[in-house]
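The sequence shown begins at 8 in this note's numbering and counts up one residue at a time.
Hints may contain errors.
[As the list claims (entries may be wrong)] For lysine-lysine, the following BS3-like pairs were computed, each having C-alpha atoms within a straight-line distance of at most 30 Å:
#1 K101 with K72
#2 K344 with K327
#3 K354 with K416
These aren't lab readings, by the way, just hints derived from the structure by calculation.
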Amino acid sequence: MNDNFLSFFSLQRDTLLGNDIRAAQIPGISGTILGELLTDSGRMDEGKQEISFTKDGREYFLALKVVPTVFDDGSRGFTLIFEDVTLPRSYEEKLKINEARYRAIVEDQTELICRFKPDFRFTFVNDAICQYVRRQKEEIIGTDIFSQVYEHDRDVVKKNILSLDHEHPFLSHEQRVLDPAGNIRWQQWTNRAIFNDSGELVEYQGVGRDITERKHAEENLLVMNMAIASSINGIGLATLDGRITYANASFLKIFGIPSLEDILGCHIETLGNPLNPGPGVKDVLKVLREGGIWKGKILVIRKDGSRVHTHHTANLIRDKNGTPIAMMSSFIDMTEKVEAEKEIHIKNTAIESAINGIIIFDADEHLIYANQAFLSIFGAKSLDEMLQNHIDEFWKIARETVPPVDDVKKMLIAEGRWSGELRVKMPGGMLRFFQVSATQVKDERGAILCGMGTFMDITDQKVIEKALKTTHEKLQDAIEFMPDPTFILNRERRVIAWNRALETISGVKSSDVLGSDSYQFAFGFLGGTRPILVDILDLPAHELAKSYPGIRRFGDSIFVESLIPGSHDEKGIYLWGKATPLFDRDGNIIGAIESFRDMSEWKKARETMHPHPEVEGWTPGSSGESRGGERESLACLEIAFAHLREGVAILDRKARIRMVNSPFLALAKSSENVLIGKELSQFCHPDDNPLIREYLDYSGMDGDGSPTVRIRVGERDDLFDAEISPIRGAGGVLLGHLVVTIPTSAATNQM
8 MNDNFLSFFS
18 LQRDTLLGND
28 IRAAQIPGIS
38 GTILGELLTD
48 SGRMDEGKQE
58 ISFTKDGREY
68 FLALKVVPTV
78 FDDGSRGFTL
88 IFEDVTLPRS
98 YEEKLKINEA
108 RYRAIVEDQT
118 ELICRFKPDF
128 RFTFVNDAIC
138 QYVRRQKEEI
148 IGTDIFSQVY
158 EHDRDVVKKN
168 ILSLDHEHPF
178 LSHEQRVLDP
188 AGNIRWQQWT
198 NRAIFNDSGE
208 LVEYQGVGRD
218 ITERKHAEEN
228 LLVMNMAIAS
238 SINGIGLATL
248 DGRITYANAS
258 FLKIFGIPSL
268 EDILGCHIET
278 LGNPLNPGPG
288 VKDVLKVLRE
298 GGIWKGKILV
308 IRKDGSRVHT
318 HHTANLIRDK
328 NGTPIAMMSS
338 FIDMTEKVEA
348 EKEIHIKNTA
358 IESAINGIII
368 FDADEHLIYA
378 NQAFLSIFGA
388 KSLDEMLQNH
398 IDEFWKIARE
408 TVPPVDDVKK
418 MLIAEGRWSG
428 ELRVKMPGGM
438 LRFFQVSATQ
448 VKDERGAILC
458 GMGTFMDITD
468 QKVIEKALKT
478 THEKLQDAIE
488 FMPDPTFILN
498 RERRVIAWNR
508 ALETISGVKS
518 SDVLGSDSYQ
528 FAFGFLGGTR
538 PILVDILDLP
548 AHELAKSYPG
558 IRRFGDSIFV
568 ESLIPGSHDE
578 KGIYLWGKAT
588 PLFDRDGNII
598 GAIESFRDMS
608 EWKKARETMH
618 PHPEVEGWTP
628 GSSGESRGGE
638 RESLACLEIA
648 FAHLREGVAI
658 LDRKARIRMV
668 NSPFLALAKS
678 SENVLIGKEL
688 SQFCHPDDNP
698 LIREYLDYSG
708 MDGDGSPTVR
718 IRVGERDDLF
728 DAEISPIRGA
738 GGVLLGHLVV
748 TIPTSAATNQ
758 M
């Protein structure tokens, strides 16, 4: 026995020499083991046995070799050789454990694990792959790895695997596969190339996992991101402390922000405006942090001052555990809606307060709206009252209209609208007239949505029109039979009246000029001595005096006296003319009237009365001879007065009455004692006094002109028309005035 044996087993040489080894109680060596090995002392082959024992708490493994031996004395025996194999056995045990663990990991792993040769055929698959494809291992081993890969991905997958080398031994990729049901699923694989010591490619190992749910989540997230980015609602995200992390295009547009970079990282309070009349950012944040949500209307005021009406919803974003992780705001631009509602409200108010009656029927002819103007026709205060108490009465009336309602419906069906006059017999038998406009409202497909009707009560207008028509006819008759030639133009300067006297003097029939604005040809009888007065009626006074010295303006009217070559003892005709604008109640010009009068006889009478009467204000001579001449003139005037049909009064330069004839007294219903010495203005219509003053101021200027103006003279209750003109002496010196009454028929017709 050597020292290593004694030392390993802690034995003494003396205690063992000469003793039976089976009784030596060597650790790990039992009598049974030695008995099996030493039974045949004559055996020649070696015996081997591995033993194990525990020493000092440690397990040892020994390889025991029994070698038959012939000793020097010729006796036979055995040599026992002990080899400590504890360390190799420990390695082997650990390797077994690791292998078991590895196999357990591979087999029990939920990830898909496989190995395949460079020819892309499986050499190993774990249970997860078998379960995934629902096949046994034996069915998979040796098959092509691309058999389950989606056809369009095979080339990409193969290219990735073939790209693996010593420098890049592994690579990850995503691929689509077909499951047993034929559905497309997504997998992620990491393939590794395995090389031997010589650097040769031996095989590939792949580890994969199903990422279908993740891909769907990513796709959904992408869709959601696209939806948020393209949403018409303004959406913004912020951290819990209020720092902006995201805003979509609509959000930026609502706030008038050019780009996202302008607000990233900024606090949301920077978006607020102190002029905002509603809740501020701090108010919203407070409610949001306390309750997790805020909803309400926000008026966004941009930096340029423009305003956007919005509906704002703010939420806290929470994780799976309910912990807040961010804040989100959503803004709906309500500006168009607010403006539309405002416009609708204005229109509804206008419709409701319209003086015309307005009603709306649905497609089934049920009354769904009536404004107050329409309800008042039936004495109803509301639509409900109308439907409850008056609707039958309404339809009864509708059946008796002229034209019938059925005819109106037919027109609506054919053309979609109808307008015209309806005669309605109201309860009690009273007739009322309405101007009606009815319309069918249709959608884009042509389906009827509703019917609308507008009613304007024209009953009073019809009465007025009838009265106006009667009055117009009477006026037409009055103008027609006036002794003075007269014509009238409307605001469009078209002839609307041309009386018989004008037909006689012009030779042009009314039918040739009525409705026409070409009437100048009819006034050839003027011989070019003066213009048509209505054509220059709107000229200013200074321009009128400059361009037409013989024409004078008094008030709104213009006057002219001209000599028309012709009969009357070949001296011609003295034709007096006057044009006056016509006004409506509001003072707007609506036309003009022009009249002519033959003043030849009156002119002769005035010439007869030309001698100077001896009255205050005239210019008498200083000699007795002059006074005698004046007395003769007065006598001549008295004789002339007796032969005049018209009423005549002579005034001094201060417009005081100095002489009157009998016709004038008869018209004035007065006497000489009352009239002589009184100012003419005391007997004129008050409205004519400004015209008289203007005339007297003008006629007081020396000159050759002799304008004439028409006034109204007499008692207030019995006025008559008269014309006043100046009496001038040699050199145009004003001597006085002559007042001549207009014949009764002419005066009456001119009023």
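Each hint, compared with the structure:
{"no.": "1", "hint": "K101 with K72", "result": "holds, 25 Å"}
{"no.": "2", "hint": "K344 with K327", "result": "violated, 38 Å"}
{"no.": "3", "hint": "K354 with K416", "result": "holds, 27 Å"}
Checked against the numbered hints above, the structure breaks only hint 2 and satisfies the rest.
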